[in-house]
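Colleague: First to last, the protein sequences are chains A and B. First residue of the first sequence: 1, per the numbering used here; consecutive thereafter. First residue of the second sequence: 1, per the numbering used here; consecutive thereafter.
Hints listed in this document are in silico derivations from the structure and should not be mistaken for laboratory results. Ideal placement from N, C-alpha and C gives every residue a C-beta, glycine not left out. Misleading hints may appear alongside valid ones.
Over 12 Å on every C-beta distance to chain A, these chain B residues come out as not near it, computed from the model [said to hold, decoys possible]:
id	residue
1	Asp204
2	Arg223
3	Ala231
4	Asn261
5	Leu263
Just some of the chain B residues that point at chain A, by a computed CB distance under 8 Å [claimed, not checked]:
id	residue
6	Tyr50
7	Arg81
8	Glu114
9	Gly137
10	Thr138
11	Pro271
12	Pro273
The following label-pair restraints were derived from C-beta to C-beta distances [as the list claims (entries may be wrong)]:
id	chain 1	residue 1	chain 2	residue 2	range
13	B	Asp33	A	Lys127	51 to 57 Å
14	B	Ala179	A	Asp245	34 to 40 Å
15	B	Asp280	A	Lys35	53 to 59 Å
Okay, here's what each chain looks like letter by letter:
2 protein chains.
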Amino acid sequence: MFRGLSAFPITPADADGRVDVEALQRLVKRLVDAKVDSIGLLGSTGSYPYLSRAERRRAIEAAAAIAKGKSPILVGSGAMRTDEAVALARDAEEAGADALLLAPVSYTPLTDREVFTHFETVAAAVKLPVCIYNNPGTTHFTFSAGLVARLSRIANIVAVKNPAPDAGHVFAQLEDLRARVGRDFSLGFSGDWKVTETLIAGADAWYSVVGGLFPEPCMAIVRAVREGKPADARKLNADLQPLWDLFIAHSSLRVVYAAANALGIVKAAPPRPILPLEPDAERQVREVVERLRLR
Amino acid sequence: MFRGLSAFPITPADADGRVDVEALQRLVKRLVDAKVDSIGLLGSTGSYPYLSRAERRRAIEAAAAIAKGKSPILVGSGAMRTDEAVALARDAEEAGADALLLAPVSYTPLTDREVFTHFETVAAAVKLPVCIYNNPGTTHFTFSAGLVARLSRIANIVAVKNPAPDAGHVFAQLEDLRARVGRDFSLGFSGDWKVTETLIAGADAWYSVVGGLFPEPCMAIVRAVREGKPADARKLNADLQPLWDLFIAHSSLRVVYAAANALGIVKAAPPRPILPLEPDAERQVREVVERLRLR
Chain A
1 MFRGLSAFPI TPADADGRVD VEALQRLVKR LVDAKVDSIG LLGSTGSYPY LSRAERRRAI
61 EAAAAIAKGK SPILVGSGAM RTDEAVALAR DAEEAGADAL LLAPVSYTPL TDREVFTHFE
121 TVAAAVKLPV CIYNNPGTTH FTFSAGLVAR LSRIANIVAV KNPAPDAGHV FAQLEDLRAR
181 VGRDFSLGFS GDWKVTETLI AGADAWYSVV GGLFPEPCMA IVRAVREGKP ADARKLNADL
241 QPLWDLFIAH SSLRVVYAAA NALGIVKAAP PRPILPLEPD AERQVREVVE RLRLR
Chain B
1 MFRGLSAFPI TPADADGRVD VEALQRLVKR LVDAKVDSIG LLGSTGSYPY LSRAERRRAI
61 EAAAAIAKGK SPILVGSGAM RTDEAVALAR DAEEAGADAL LLAPVSYTPL TDREVFTHFE
121 TVAAAVKLPV CIYNNPGTTH FTFSAGLVAR LSRIANIVAV KNPAPDAGHV FAQLEDLRAR
181 VGRDFSLGFS GDWKVTETLI AGADAWYSVV GGLFPEPCMA IVRAVREGKP ADARKLNADL
241 QPLWDLFIAH SSLRVVYAAA NALGIVKAAP PRPILPLEPD AERQVREVVE RLRLR
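Throw the hints in and build the complete structure from the sequences for me.
Modeller: Encoded structure:
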């Protein structure tokens, strides 16, 4: 399950935060049809911290109805309070999740000891496997390799999603982590434009924003790496550079919303205070989607 | 209202996040008795993002029952979603708040345009004056002087709480801000151990963590500055250095929880995942509280 492409769709919702389950199911069906290795539901791209507990459950049930038995579903169950994260983890387990993604959502900066206890408590509340969601760009907490290693000794904590390092640091980070965790512990990365190099270097999984909307070009990269064709993978990744440039300039979340709306797959804005892109940037997204023949 | 000492109490609550209103009222009474210039309820020290809407309202009503007509109450109404922040702002207005503190709580990093729109929307929903709560340490959003200036043109946005700069930068920051905002716009600071210098330099307000538990030594500093005795103010601030050292080592939030418990004023832990200090650090807090004769 923590191998290959994990595709992270947005969670289309109205201005009041009510999930548009039909639009979500359309997105999930695209991923199932593309045979992604897993679906990262209610991740950062799925704006989980902006949705109520009830809506998060509705989203899981809607996605499971489409994907169950086809693509495993990883579900983000992070929350500001530990008891909330426990409740959300249990909800996810009941509603059909195959695994959890757990980020240390915080307002008050947390210590390593606090994050360890938080993860220990949430993991103990469920039977599902748990992936450590190391996302310093949103949580402002950074997992050291040592903390990942300590957490990896908890039986059902079986994977980590790290931000992809710059090309020059990929091997060193992977080697360091491999030496600290068990052989079966999955090492995966996010940060779409940098992930191809981590896969070529032997990473287990790609947690992908673009893959949540356009799974095909991502699956092509994953397949090229699997077939031992790194040059092909790099070429396919380079082909997507105009999209990466937009991700870097405007954030991947805002860009995939614009792309999904431009293609008519959804009609939804990100949750406020996040705003849709301004018209100029939106036009750039439409142009790139057309130029790259993404659909 | 946005002048002098604004004292920020913790919000004692049980493990399920239910506010202990009697303990909160004991804390508020200490502040009223010390004649603080205002009370910063449900600030970062009051762990507002960890409390439900209903509990936040209960806390405001309990505090207002003690402080109304004596010390004005500023209430933190930040939330992850704009519509939630609007609802919380209206709740606060109804429940007896005299002003709002608004921080751009975020998970997805926000742009200046998004924060401006968020503040504009929340401010328009209430008649209360609003203080911009610039707290990069928790929100990871930093207000530029230019953004503060733009927001200051909204009629009921009347104050900013900035993190206190290092001593060498105080005058320059105050001068730059003064030149950009109206004469009546209040410039205040948090970061207890650095604030005395900002008051001496002419800042309007001190948003204080320690003042929420021990208002007397803070009021003494504020009075010394008001009476034109900067050397006395600096001496009083230096006397508190053992406490500042603990704040820097363990965070002011965790230290005031330990101090309030040590003195028997409350019996409460911070909201999980935040943990109480470990025994060693707790003992240091007790020793410093005794040595400085804080009570």
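Colleague: Taking the numbered hints from earlier one at a time, note which ones the structure violates and give those numbers from smallest to largest.
Modeller: none
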